[in-house]
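Engineer: Read top to bottom, the protein sequences are chains A, B, C and D. Counting with our numbering, you get residues 1 to 344 for the letters of the first sequence. Counting with our numbering, you get residues 1 to 344 for the letters of the second sequence. Counting with our numbering, you get residues 1 to 344 for the letters of the third sequence. Counting with our numbering, you get residues 1 to 344 for the letters of the fourth sequence.
Hints are supplied without guarantee of correctness; some may be wrong.
The list treats identical chains as one, so a pair stands whether inside a single copy or across any two.
[As the list claims (entries may be wrong)] Distance condition first, Cα-Cα at most 30 Å in a straight line; then the derived DSS-like pairs of lysine-lysine:
id	residue 1	residue 2
1	Lys26	Lys3
2	Lys224	Lys203
3	Lys3	Lys119
4	Lys162	Lys299
5	Lys266	Lys203
6	Lys224	Lys249
7	Lys115	Lys299
8	Lys203	Lys40
9	Lys185	Lys40
10	Lys266	Lys40
11	Lys40	Lys3
12	Lys299	Lys224
13	Lys26	Lys140
14	Lys66	Lys119
15	Lys203	Lys169
The hints are simulated quantities; they were obtained by calculation from the structure and are not laboratory data. Source: prediction; values computed, not measured.
Protein chains: 4
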Amino acid sequence: MIKAGIIGATGYAGAELVRILTTHPKAEIAAISSVSFEGKAISEIYPAFFGLNDMVCENAEGVVEKSDVVFAALPHGLSQELGAECIIQGKVFVDLGADFRLESEEEYAEWYGGKFLDKGLHEQAVYGLPELFRDEIKGKKLIANPGCYTTCSPLAIAPAVKGGFVEAKGIICDCKSGVTGAGRKPTQGNHFPELNEGFHAYKVASHRHTPEIEQTLSRLSGEKMTVTFVPHLLPVNRGILATVYADIKEGVSFDQIRQAYEEFYKDEYFVRLLPSGAAADIHNVRCSNFCDISLHFDKRANKLIACGAIDNMIKGAAGQAVQNMNIVFGLDEKTGLEFIPPAF
Amino acid sequence: MIKAGIIGATGYAGAELVRILTTHPKAEIAAISSVSFEGKAISEIYPAFFGLNDMVCENAEGVVEKSDVVFAALPHGLSQELGAECIIQGKVFVDLGADFRLESEEEYAEWYGGKFLDKGLHEQAVYGLPELFRDEIKGKKLIANPGCYTTCSPLAIAPAVKGGFVEAKGIICDCKSGVTGAGRKPTQGNHFPELNEGFHAYKVASHRHTPEIEQTLSRLSGEKMTVTFVPHLLPVNRGILATVYADIKEGVSFDQIRQAYEEFYKDEYFVRLLPSGAAADIHNVRCSNFCDISLHFDKRANKLIACGAIDNMIKGAAGQAVQNMNIVFGLDEKTGLEFIPPAF
Amino acid sequence: MIKAGIIGATGYAGAELVRILTTHPKAEIAAISSVSFEGKAISEIYPAFFGLNDMVCENAEGVVEKSDVVFAALPHGLSQELGAECIIQGKVFVDLGADFRLESEEEYAEWYGGKFLDKGLHEQAVYGLPELFRDEIKGKKLIANPGCYTTCSPLAIAPAVKGGFVEAKGIICDCKSGVTGAGRKPTQGNHFPELNEGFHAYKVASHRHTPEIEQTLSRLSGEKMTVTFVPHLLPVNRGILATVYADIKEGVSFDQIRQAYEEFYKDEYFVRLLPSGAAADIHNVRCSNFCDISLHFDKRANKLIACGAIDNMIKGAAGQAVQNMNIVFGLDEKTGLEFIPPAF
Amino acid sequence: MIKAGIIGATGYAGAELVRILTTHPKAEIAAISSVSFEGKAISEIYPAFFGLNDMVCENAEGVVEKSDVVFAALPHGLSQELGAECIIQGKVFVDLGADFRLESEEEYAEWYGGKFLDKGLHEQAVYGLPELFRDEIKGKKLIANPGCYTTCSPLAIAPAVKGGFVEAKGIICDCKSGVTGAGRKPTQGNHFPELNEGFHAYKVASHRHTPEIEQTLSRLSGEKMTVTFVPHLLPVNRGILATVYADIKEGVSFDQIRQAYEEFYKDEYFVRLLPSGAAADIHNVRCSNFCDISLHFDKRANKLIACGAIDNMIKGAAGQAVQNMNIVFGLDEKTGLEFIPPAF
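With the rest of the complex left out, here is chain A:
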């Protein structure tokens, strides 16, 4: 059994890791930590786990020591030192934060306000979006697990960008996220009566996931891409829908694009390319590691419209982190992740 440790287990991504790893057939949770709740059982924080996982939060050092793989679900900026320590101790480190996601230190500084403490470490890091970069993940020690918007948006448009079917310029990602994306901490904006029956955009064209989406798409296209990214907040618990708009290049047909998607994702268990006529719905991927994609064609404006739906806490965080662990440890990628989404 792989011994897994979770740093920051009481946040939402951490809690979802606890839930998934508790039933993983090839891994067991060695220890969990939380700065805010040290000494408390995870099931005191999340009574859903009562009697099923009553592990007590300890400190980060203890977790690292007991684990083969360390998952860090920390606020941005706290993972660089922890990651360094894990690598020194020979552990696999899967970071659910943003510290190792951007290759460019300049962009990291611009969007997150920090710098790379150890450039060598950043060079070892691999961006853990398996459907696009699986080969690089195998056997690596330091995995930068993508963010939620940055999983969903690129997967929705990747085959079109990689195949050169759409213009590199002018891509728009209009995204809508459930509330868990904003974390466990109660705020006025997420207070039930002020969010329920509401809907609005936030951080318009200024969200930190922008450079991460651009980095992924640029790697696929081979040229520097700029995207317009607008996130919105949905009054639901889980899920992200990305509606991605791109201009189809002259001479390219929508059918060609659809075929390219089918080819691109034909062996991907966790990507479900929906039949023509269907529309991706966050309802259908809840509590699962799937990314559903539907393709649409605006023939009047010659635009490709691709919708991608994920559970932001699973494929957009904890599930993908476990998928990365599976890859690193040579397991079948689906191990412990074959959740069928509930029908209702």
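Following the hints, put chains B, C and D in place on chain A, whose structure we already have.
Structural biologist: This is chains B, C and D only, laid out in the frame that chain A set:
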């Protein structure tokens, strides 16, 4: 008192008309009709009205006869004959359906599959979006009340289009609507357990409101415009948010555009241009006739992003219809419509 | 115009007072205050009010001075001194908190942990539940506005208790409240993802509204009554449903009880006794000052089951406070409160 | 592998059976049927299953033939003949409908309007509530799977009734159910805009689950019991909370009762008796087979208040049916049912 009749009073738009007109200080409901519920009280259908309006549904002929102004909230295709009859009888006719909205019979045929029964009648019809075409509405007898998406999207982008600040090509309206937009009839897609905690696009780039949005924007710009329109279904009762994307022309600054909006809407009671930094939220316009607009700038891609929020059943249907009635009858436009949206 | 001041205007009850009084035809808001947001506009806190009421919060002293009637929507314990000051200055004082609700200082000490600072003041206070104690309210200066559960539960069972149709012993109030009842302050328990799709009881048989319900029912029956009161938290914004159970006395028929209710409430505009077969629903009283009541009979156990539904923020707080103001100032009780609940 | 057949696979209980059995390690779905959707894939009805279970609905006869165990999720009244046929063919029959639940033909006639077609068959039937009647289930061929309210309410009060700690008379079950309990068919009452932000009781003291709850409690107490049962409809997808009220007998202490519960449920994996101070919440049992129970004491009225929470579609339907299958086939009762409820 203006005598108002409501044809199709038991649908959602009709019921909202009943509610608004029941407290209107200068109008009174003369009669209401419903094909499905003839002989039943409106408060049997909507127990919220119990004791406050218990009028009984009669047939359409009786309603026309008793009324100075007839509101028709009917499925598309049923208003042309009714409208003709009202005009013959000298009534004002406010149609909440689509029959008189499109100026081009060709487009009507393409999107709705019907034809203009009486071209002269269509020429008398005026498109009732007061903030854009108020002068044409005054004193008219036949008002085509805009649809919900087609109120919200054009209002959000109108000053930019009219001022020539953005490219005519490539405008995208990514819209999200509450469930009442789909009407009162229960369907599998709107069944609570299948919609709640879900979110998806529908009728992507093929919704009938597309030519109506284009018609309005084309009138403002003076050139034929094509827009990409993608509606989505939100798990909330009321509200539409339109997130509209447009490319800013070279040499135009975002500040210029903001000033143009301020000028354009400075005397419009029902349009609230939000302060910089705010984002329009459907939560804040519920149960009111307001359209909240927020402006955002993607400086990296030089795009204008305008968000417009309305209550789809009020500013997007019944409220605007009453606003049109007020204009036609020379009342203060706000009469009976000064609802303050609830804070929660 | 009556000059009204609101102390604690930025809490939920205060904000609802602002909304209602802004459109009241016989009153105007003279000033508002907030400890937390002094110097800020109410519309900065609640953007729904933007452009409609942008009054700036000042301090409590200023509000009292400018007002004929002072509404206090404060945490429990802060109203006694303020009330005393208002009475000295000759103002009408309507307290939405609990400080003046209980007649028994002993019970106040037991449930709230405080004492009566000025017993004479408490003797002047009248309990402002107009449908039960209207005659006492007229012309009074100090009104203790009932709580939300304590409006809904007594109204649902009052005619049965007053008429002596049910046993005084064993009454159960199983109540379910929307989230606004817990106030504006975000907490873990009210955080959207943890409340949405959830439902649970809280403060079981230990909620502070218990003695207040008992006081009202005891006044009606003339004997000391004890009730079992269990509140639950509903994942909706507004509304309380009270399901009240009582044992029907031997020899009393359900029809007798129904007739007694009809007689009891026949002149009450704000109480709607629903037809047989209907069930009171919080959906149908939202944003209104109505209390809907439905009566049900368990003939197998010979129990009366009465359901009462209110909007907890209106009939359960701000609306009732305005109703009390109307009574005190000799206005028609409905003035400014004739909101028709939306049908959806 | 046990070959399982599902009759009525496209209803909500059927779909949940499909989902659970698709990942059951000791059973496989042999065939599924649906009258309405014969020839269609289950994943066309429930796109959440797309690619994971695309089995096509056939007719009932084919399903019986191919199966070792037949689950029937049919409208009431359709299971008696099917059950007879299954028994003749030597299959195990688990009926999720009500046809075999009531032992008394008289009560069946009163509440369901039908009669027992084959009394011998009814005598073979066993009521499948494992935590209360496990010993009778083992090795049986015909299992009447309890309804949702009738699982939750009895489990919440069973130890108190069985132990004789509470009065047999006067027990009240105030229950609140999510919308899936009303099934897949869209109706006006379950239409999103009319249910969302609403809450009401229905079938007050007249719901068909009443005699079933009474039968279970009467078996536990040894005397004929009558309960007051009032169901309400919650605007959530899944879950039932039963708040059960009972009068504590003289001389019995609340601590005694709590100890009796601990003893009663100490070996029950699927019942979680919550710590003192906690309150059972449907949020914490979603998508799991658990029943959470919290105990509360109204010392002023000397009442026991027990709250029980289940997922109505799992412990209240499909999960319990699989639990019964596991028992009948001698498997570990938890097999295929160890779902950890999501934390949010």
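Engineer: For the identical chains here, do Lys162 and Lys299 meet the 30 Å Cα criterion within one copy, between copies, both, or neither?
Structural biologist: Both, since 21 Å and 26 Å are each at most 30 Å.
Engineer: With identical chains treated as interchangeable, where does the CA-CA distance between Lys299 and Lys224 reach 30 Å or less: within a copy, between copies, both, or neither?
Structural biologist: Close inside one copy (27 Å) and across copies (17 Å); limit 30 Å.
Engineer: Are the CA atoms of Lys3 and Lys119 at most 30 Å apart within a copy, between copies, both, or neither?
Structural biologist: Within one copy only: 28 Å inside a chain, 57 Å across chains, cut-off 30 Å.
Engineer: Regarding Lys40 and Lys3, is the shortest C-alpha distance of 30 Å or less found within a copy, between copies, in both, or in neither?
Structural biologist: Classified as within; 21 Å inside a copy, 44 Å across copies.
Engineer: Evaluate Lys185 and Lys40 at a C-alpha cut-off of 30 Å and name the case that applies: within, between, both or neither.
Structural biologist: Both ways: Lys185 and Lys40 sit 17 Å apart in one copy and 25 Å across, limit 30 Å.
Engineer: Go through the copies and call it for Lys203 and Lys169: within, between, both or neither, with a Cα cutoff of 30 Å.
Structural biologist: both (21 Å within a copy, 26 Å between copies)
Engineer: With identical chains treated as interchangeable, where does the CA-CA distance between Lys203 and Lys40 reach 30 Å or less: within a copy, between copies, both, or neither?
Structural biologist: Only across copies: Lys203 and Lys40 sit 23 Å apart there, 35 Å inside one copy, limit 30 Å.
Engineer: State whether the alpha carbon distance between Lys26 and Lys3 is at most 30 Å within one copy, between copies, both, or neither.
Structural biologist: Both: 9 Å inside a chain and 27 Å across chains, each within 30 Å.
Engineer: Given a CA cutoff of 30 Å, do Lys66 and Lys119 count as a within-copy pair, a between-copy pair, both, or neither?
Structural biologist: within (27 Å within a copy, 62 Å between copies)
Engineer: When no copy is specified for Lys26 and Lys140, does a C-alpha distance of 30 Å or less occur within a copy, between copies, both, or neither?
Structural biologist: within (19 Å within a copy, 36 Å between copies)
Engineer: As a check of your reading, is Lys224 near Lys249 (CA-CA no more than 30 Å) within one copy, between copies, both or neither?
Structural biologist: both (17 Å within a copy, 22 Å between copies)
Engineer: Cα distance capped at 30 Å. Does Lys266 pair with Lys40 within a copy, between copies, both, or neither?
Structural biologist: between (45 Å within a copy, 24 Å between copies)
Checked against the numbered hints listed earlier, the structure breaks none of them; every hint is satisfied.
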